[in-house]
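Participant: Please work from the sequences and hints to get the whole structure.
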Amino acid sequence: MEKDKITIGGDSDEIVLDVQDLVVHYVLEDETVEAVNGVSLWLKKGQTLGLVGETGAGKTSTALAILNLVQTPPGVIKSGSINVCGANVLEMKPAQLEKIRGKDVSMIFQDPMTALNPVMTVGEQIAESIRYHEKVSDKESLQKAGEMLELVGIPAVRAFEYPHQFSGGMKQRVVIAIALACNPKVLLADEPTSALDVTIQAQVLDLMRDLKEKLGTALVMITHDLGVVATVCDMVAVMYAGKIVEYGTIEDLFNTPMHPYTEGLFNSLPNIKDRKAELIPIRGLMPDPTKLPVGCAFEPRCRYAVEACKAPLEMRQVSDTHSLLCSRYEEPGFRIDMKRGERAHG
Amino acid sequence: MAEKIIEVRNLKKHFKTAAGMVHAVDDITFSINKGETLGIVGESGCGKTTTGRCLLRLIEPTSGEILFNGQDITKLSKRGMNKIRKDMQIIFQDPYSSLNPRRTVFETIAEPIKHNKILPSGSTKADLERRVVELMTTVGLAERLINTYPHELDGGRRQRIGIARALAVEPQFIVCDEPVSALDVSIQAQILNLLKELQRDRGLTFIFITHDLAVVNHFSDDILVTYLGKVVEKAPSETLFENPMHPYTKALLSAILIPEAGANRGRIQLRGELSSPLDPPDECRFAKRCNYYCADCDKGTPPLIEVAPRHFVACHCVGPNGQNSLKLKA
Chain A
1 MEKDKITIGG DSDEIVLDVQ DLVVHYVLED ETVEAVNGVS LWLKKGQTLG
51 LVGETGAGKT STALAILNLV QTPPGVIKSG SINVCGANVL EMKPAQLEKI
101 RGKDVSMIFQ DPMTALNPVM TVGEQIAESI RYHEKVSDKE SLQKAGEMLE
151 LVGIPAVRAF EYPHQFSGGM KQRVVIAIAL ACNPKVLLAD EPTSALDVTI
201 QAQVLDLMRD LKEKLGTALV MITHDLGVVA TVCDMVAVMY AGKIVEYGTI
251 EDLFNTPMHP YTEGLFNSLP NIKDRKAELI PIRGLMPDPT KLPVGCAFEP
301 RCRYAVEACK APLEMRQVSD THSLLCSRYE EPGFRIDMKR GERAHG
Chain B
1001 MAEKIIEVRN LKKHFKTAAG MVHAVDDITF SINKGETLGI VGESGCGKTT
1051 TGRCLLRLIE PTSGEILFNG QDITKLSKRG MNKIRKDMQI IFQDPYSSLN
1101 PRRTVFETIA EPIKHNKILP SGSTKADLER RVVELMTTVG LAERLINTYP
1151 HELDGGRRQR IGIARALAVE PQFIVCDEPV SALDVSIQAQ ILNLLKELQR
1201 DRGLTFIFIT HDLAVVNHFS DDILVTYLGK VVEKAPSETL FENPMHPYTK
1251 ALLSAILIPE AGANRGRIQL RGELSSPLDP PDECRFAKRC NYYCADCDKG
1301 TPPLIEVAPR HFVACHCVGP NGQNSLKLKA
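Protein chains in written order, with my numbering: chain A, 1 to 346; chain B, 1001 to 1330.
Since the hints were derived computationally from the structure, they do not count as laboratory data. Treat the hints with care, since some could be wrong.
Distance condition first, Cα-Cα at most 30 Å in a straight line; then the derived BS3-like pairs of lysine-lysine [stated by the list, open to error]:
#1 K273(A) to K1034(B)
#2 K276(A) to K1016(B)
#3 K1004(B) to K1117(B)
#4 K276(A) to K1004(B)
#5 K1327(B) to K273(A)
#6 K1034(B) to K276(A)
Note that this is a predicted model, so its numbers are computed, not measured.
Facilitator: Dropping the structure here:
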C-alpha cells in the first residue's frame, strides 16, 4: 500500500507512526513463541487505526514493541523498524526512550484497576507525567492535571482523591487523562473499554473520539470487538497469528471484507437485526505460536483452503487502500461468499 | 398454556455489610416455560449473577419463593436440595476458575455421575468411562483429552468441560452465567451453537445471564432487564428489541456497538454511573441517570406493570397502555 495515498481520517500528510516488517519473538528454553511475524503499519496525524484480532494474535506485542517495552528476556525484537515522529524507537538509548514515552507516544492499558498507583492521588499521577516532560513548577503541573481531569469529564476537585475512590469507568478516564497529559502525537489504546460495562463503554468511546478530534492525536485502537472498531476507527488491520491478514479503510473491511478470517469473525457475531440468523463459527483453534506453518497460518481452519495455501505468501494490493494476505486471490474470480457482507450492501 | 418449569416470586437477596444492607436482588418475579430460554441482562452490580445463584440456592435467598416443577425449593432441607440439584445445574462464567486444577477431565465429569448415582447400580468403571466419553463427544471434546488437566486446555475447551459436567446429571434446567464472555468471538460462536443444539435435542430450559445484548437477543425467548436489583422491563426478545419502553433498556440497546461502517453515531448517552445498592431509598433507582423525567418520578419505586400482553415495564412515565409521558431532561 502506498503511504501517500492513505489520507482517510487524517488531517495532514505527516506520518507520525511507521512500523516496518516488525518481528517479535519470545525465546523460551526449549521453544520460541513467534508472536509478531512481519507487521507493517503506519498512521498519519489524527488517524485512527483499529488493530483487531483474537487472543494471541500479537496485537499487544506489537503495541509494546512500538514503545520498546517488550520484556527482554524472553522477548526479542528480531527485526524491523519503528519510527515515531521520524525517530527510530528501536535504536534509542533508555534515556531517549524515557523522553518520548508519554510525550510523543503513550499507552492506555486494558485494565484501569491495575494501571493506577493506589497510594498516590490521581492528580499527582497526572502531574507526575507533566512534570517529567515539561519545565513547569509543581503548582503549574497540578493545575494542568486539574484541567486534564475536566477534559475527560471529571470535576477538578477530585484530583485529590485516590484511585479506590473512583469507579471503573472513572479510573479509565483518569488513565486517559494521564496518557493525554503531554499531548502525545500517537496514542496506543490496548482494549481500553473491555473491562467496562456497556453504557460506560459507550461514554468512554465517545470521549476518546471527541478528544482525538480535538487534539489531533493519532490513535491505535487494539481490540477484539469489531463494534468498537466501527465506532472509532478510520482504518482497520485484522491480525492473525502475528501477521496482518487484511488491511483497509472501515468501508473496505466492513462493506467488502475479502479475507476468509475476516469473514469468519463477522459470521461468528450474533446479528442484532436478525435474531434467527445462524452463527457460523470458525472451526478449530488458533495455531500453536511455537509451530507456525510456512504457508498461510489460517489454512487449517479455512473453508476455502486448497493445497497452494501451504506455500509462503505475500500481502497483495487489491485497491489503493485495501490489501490482504490470501493466495486464493491469485485465481481470477475468486470470492468469499460472505453472507453478512452482502446484507450490509443491500 | 406451556408448562412452567420455574416460577420465582418476590425473590430478595440482601447482603449485610458494615456499611449497610446491600439490596443485590430486590423483589424479582418471573417464570420460565419448559424448553425456553430466559435472558437476564444488566450491567455489573445489577444482581443478575446473584439471581442465578439464588435459584440453585448456592446463595440462600433472603425471602421469596422459588417453585421448581411446582415445588417450593426454598423450603427444602439440605438433603432434599441435594437431590433436586440433579435437575438444575449451572455453567459458570470463568472456565479458568470453575474447574478444579488438580482433576483430569475424566474426574471432573465423572464426579457428579458418581455422586448422584446416575448410572444403574452394578455399573462398572468401564460403564462410567463410556458415559464420560459419550458426554465429551456431545460437547465436542476429543476422546484423547480424557486424561488431561484444565491447564493443558484453552478457554473454549474448558468451557466445554463445564458444559459436560452440567449435562452429566441429565438436568432439566441450566443456569448459564455469562458462559461465553471470557472467550474469543470465533470460540464464542462455537459454544453458543453447542448450547442451542443441546437445548433443541434435550428440551433443556435455560436462564442465560449476560451483559451482551447481541448474544441474549440471539439466544433468548424472553428477556428480563435488571437495574440495581430490580426488574425494569420484561418482554419477549423481539418486542424488547423492536419496542423498548424503559429509558434504561433504550440506553442499553443504543449502547450496542454494531459492526458496520458508519454505524454507532448519535447514541443515547447515560449520565453518570450505577448508584449505590446500599439501603436504596424508595424511589426509581434509575432516575438519577435517566435522560427523561415526568411529574411522578419522585413518587416511590415504580411498580412493574403489564403495558401490552407479556410486556412489563417499571417506569412512572409509561402508562398502563404503553403511552408514555417521557420528557427529555434539559
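Participant: Next step is simple, just say for each hint if it's right about the structure.
Facilitator: Right, here's what the structure says about each hint:
1. Between the alpha carbons of K273(A) and K1034(B) the distance comes to roughly 26 Å, so the proposed pair stays at or under 30 Å and holds.
2. A hinted pair counts as satisfied when its Cα atoms are at most 30 Å apart, and K276(A) with K1016(B) does not qualify at roughly 43 Å.
3. Pair hint K1004(B) plus K1117(B) holds up; C-alpha atoms about 27 Å apart against a cutoff of 30 Å.
4. Only pairs whose Cα atoms come within 30 Å are accepted, and K276(A) paired with K1004(B) is accepted, the gap being roughly 24 Å.
5. With a C-alpha separation of about 28 Å, the suggested pair K1327(B) and K273(A) falls inside the 30 Å cut-off, and the hint holds.
6. For the hint pairing K1034(B) with K276(A), the CA-to-CA distance comes to about 20 Å; that is within 30 Å, so the pair holds.
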